[in-house]
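> The chain contents come next:
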Amino acid sequence: MSDSVWILGTSMTRFARHADRDVVDLASEAALGALTDGGVTVHDLDVLACGSLFSAHAGIGQQLLGQIGQTGIGVYNVANACATGATALRVGLMAIRSGEASMAMAVGVEKMGKMGLLTSSPRGSKEAKVFEPSGRYGSVRSVDGILGTKTMPGVFGQAGMRYAHDHEGVGFDQFARIAHKNHLHSVLNPLAQYQKKFSLSEIKAAPMMAYPNTLLMCCPTGDGGAAAVLVSSERLRTLSADQRRRAVKISASVLTSDPYVEGGQVQPDVNTLTRNAADAAYEQAGVGPEDLDLVELHDCFASAELIHYDNLRLCEPGGAGDFIDSGAPYRDGSTPVNVSGGLISKGHPIGATGVANLYEVTTHLRGEAGDRQIPDARAGLAHVIGLGSSCGVHILERSAA
Amino acid sequence: MATQRIPLVRYLMLEPEPHLVAQQCGSCGARFFDRRNACGSCGGRDFEPAPVAPTGHLRAFSIVHRADPGVAVPFVSAIVETSDGTTVRANLLEVAPDPAEVHLGMAVRLVTYPAGTDSEGTECVAFGFAPAGV
Chain A
0 MSDSVWILGT
10 SMTRFARHAD
20 RDVVDLASEA
30 ALGALTDGGV
40 TVHDLDVLAC
50 GSLFSAHAGI
60 GQQLLGQIGQ
70 TGIGVYNVAN
80 ACATGATALR
90 VGLMAIRSGE
100 ASMAMAVGVE
110 KMGKMGLLTS
120 SPRGSKEAKV
130 FEPSGRYGSV
140 RSVDGILGTK
150 TMPGVFGQAG
160 MRYAHDHEGV
170 GFDQFARIAH
180 KNHLHSVLNP
190 LAQYQKKFSL
200 SEIKAAPMMA
210 YPNTLLMCCP
220 TGDGGAAAVL
230 VSSERLRTLS
240 ADQRRRAVKI
250 SASVLTSDPY
260 VEGGQVQPDV
270 NTLTRNAADA
280 AYEQAGVGPE
290 DLDLVELHDC
300 FASAELIHYD
310 NLRLCEPGGA
320 GDFIDSGAPY
330 RDGSTPVNVS
340 GGLISKGHPI
350 GATGVANLYE
360 VTTHLRGEAG
370 DRQIPDARAG
380 LAHVIGLGSS
390 CGVHILERSA
400 A
Chain B
0 MATQRIPLVR
10 YLMLEPEPHL
20 VAQQCGSCGA
30 RFFDRRNACG
40 SCGGRDFEPA
50 PVAPTGHLRA
60 FSIVHRADPG
70 VAVPFVSAIV
80 ETSDGTTVRA
90 NLLEVAPDPA
100 EVHLGMAVRL
110 VTYPAGTDSE
120 GTECVAFGFA
130 PAGV
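Chains A and B, in that order, give the protein sequences.
Each residue of the first sequence is one higher than the one before, counting from 0 in numbering that gives the first Met the number 0.
Each residue of the second sequence is one higher than the one before, counting from 0 in numbering that gives the first Met the number 0.
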């Protein structure tokens, strides 16, 4: 396809709590790594898209160029919840597709430290002395913990339990097994925040955050960066044989928001937009779920990974419980899912996540994933979803340029 | 003089019997609980208040053990589908916060209770759901 866009270079920092490094350090390490990996320099770039949920407003992209090369190119600072990284990548891709650019860099970066629970409750502990209706719901005091929960472990817990309501064979054991798999996978990934396997009983006995998600079924907060250099087919043809050989084709790139469904403004529907994005991506790529050698999906919580097996069409409709029970998504199964360790164990520095999962897939397609390499991987899918909601799906293929 | 009462949220009506009222789109019938600018389903701009059935069933839940400071835990967060097909989120009450006690699909009914008093003596009335027929 002549108008394909390719990943020329990619890199990520280790995900961790980087106490001695700020968000610009992390962005710089990822960006310089991706440029080196792609065999190009900052002077080759036509545009930069820099995603960071908590630093986009501070001009993180310009701060990055201030460290690695102020070439004067256009900079887009991107924030789009947990889909921030995938959105930044799409900004670069669209710039190339439009013909305005032939080489772009997308960076995702976040410095979170120990933020704890991410809640969307607007008021916190400050209560009014005199009750006065305010806000869109005319509430007189904070409703968190009275009208249910808006904490992330709870919201995604409810999403998983709703699937359990509608389908057989899904319960606490299935959610625990997903966390078991991802922690086990992470042992092979030196860039993961945690690299420790846990038994099923340890996972189930861990402190309960929001049933069905125990602490070991929830992603941690953390710090990290990831970057990808994108190039047009035309410009790729001018590069060296080695650069062309290692380039990975972006066969599909899709971003959706949540279409209206009944009750979607009460309990976020993370399913429909994911299904829409997946279906559009399979159509764009001419690739089906059965063709995928690995999938990196948005397991912010174990209960989220389970429902996305179905949303991404990795299992029979309604069959997500059987899918995990069968072992299919383990790295030696028929559809390896989150061989990086996933968000649960690799970590989830929000803005970095959607670029880091493309780094993971790219690394396998190139055959450069070391101990965790999925043998002869030719096609992979990367998925992120941010509440609010926004879903990014990319399909990558190894293909001789 | 009777104690002044105020509902926790604007969409909770205390009289004659406690019930919820949705904003219903005049064009497509979609229901919302917040202040509306237009309809998120069809873009329609006309809304009318629609009483919501006070009974339904438990569609999903989570038992929340960690929350912001000041929020009492554990509690059961419930997603209820009312008998007229409206989705409501509130706590599940009168049930132990234990997965062995909370059953997907269980029948529930709307209940109200006092949830604090302000400096002028006005009582806030909150709502939740409890097992029906108990």
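In case anyone wonders, no lab produced these hints; they're calculated from the structure.
All C-beta atoms, glycine included, are put in the ideal place defined by N, C-alpha and C.
One thing to keep in mind: the hints can contain errors.
Stated by the list, open to error - Calculated lysine to aspartate or glutamate pairs in the DMTMM-like style (CA-CA distance at most 25 Å, straight line): (1) A:Lys195 with A:Asp370; (2) A:Lys128 with B:Asp97; (3) A:Lys203 with B:Asp97.
Unchecked claim - Here are some chain A residues the structure puts well away from chain B; computed CB gaps all over 10 Å: (4) Ile67; (5) Gly156; (6) Ser200; (7) Gly262.
Unchecked claim - A few chain A residues that face chain B, going by a derived Cβ cut-off under 8 Å, partial list only: (8) Val139; (9) Gln157; (10) Phe197; (11) Tyr210; (12) Arg244; (13) Val265.
> Where does the structure disagree with the numbered hints, that is, which hint numbers, in rising order?
2, 5, 7, 10 and 12
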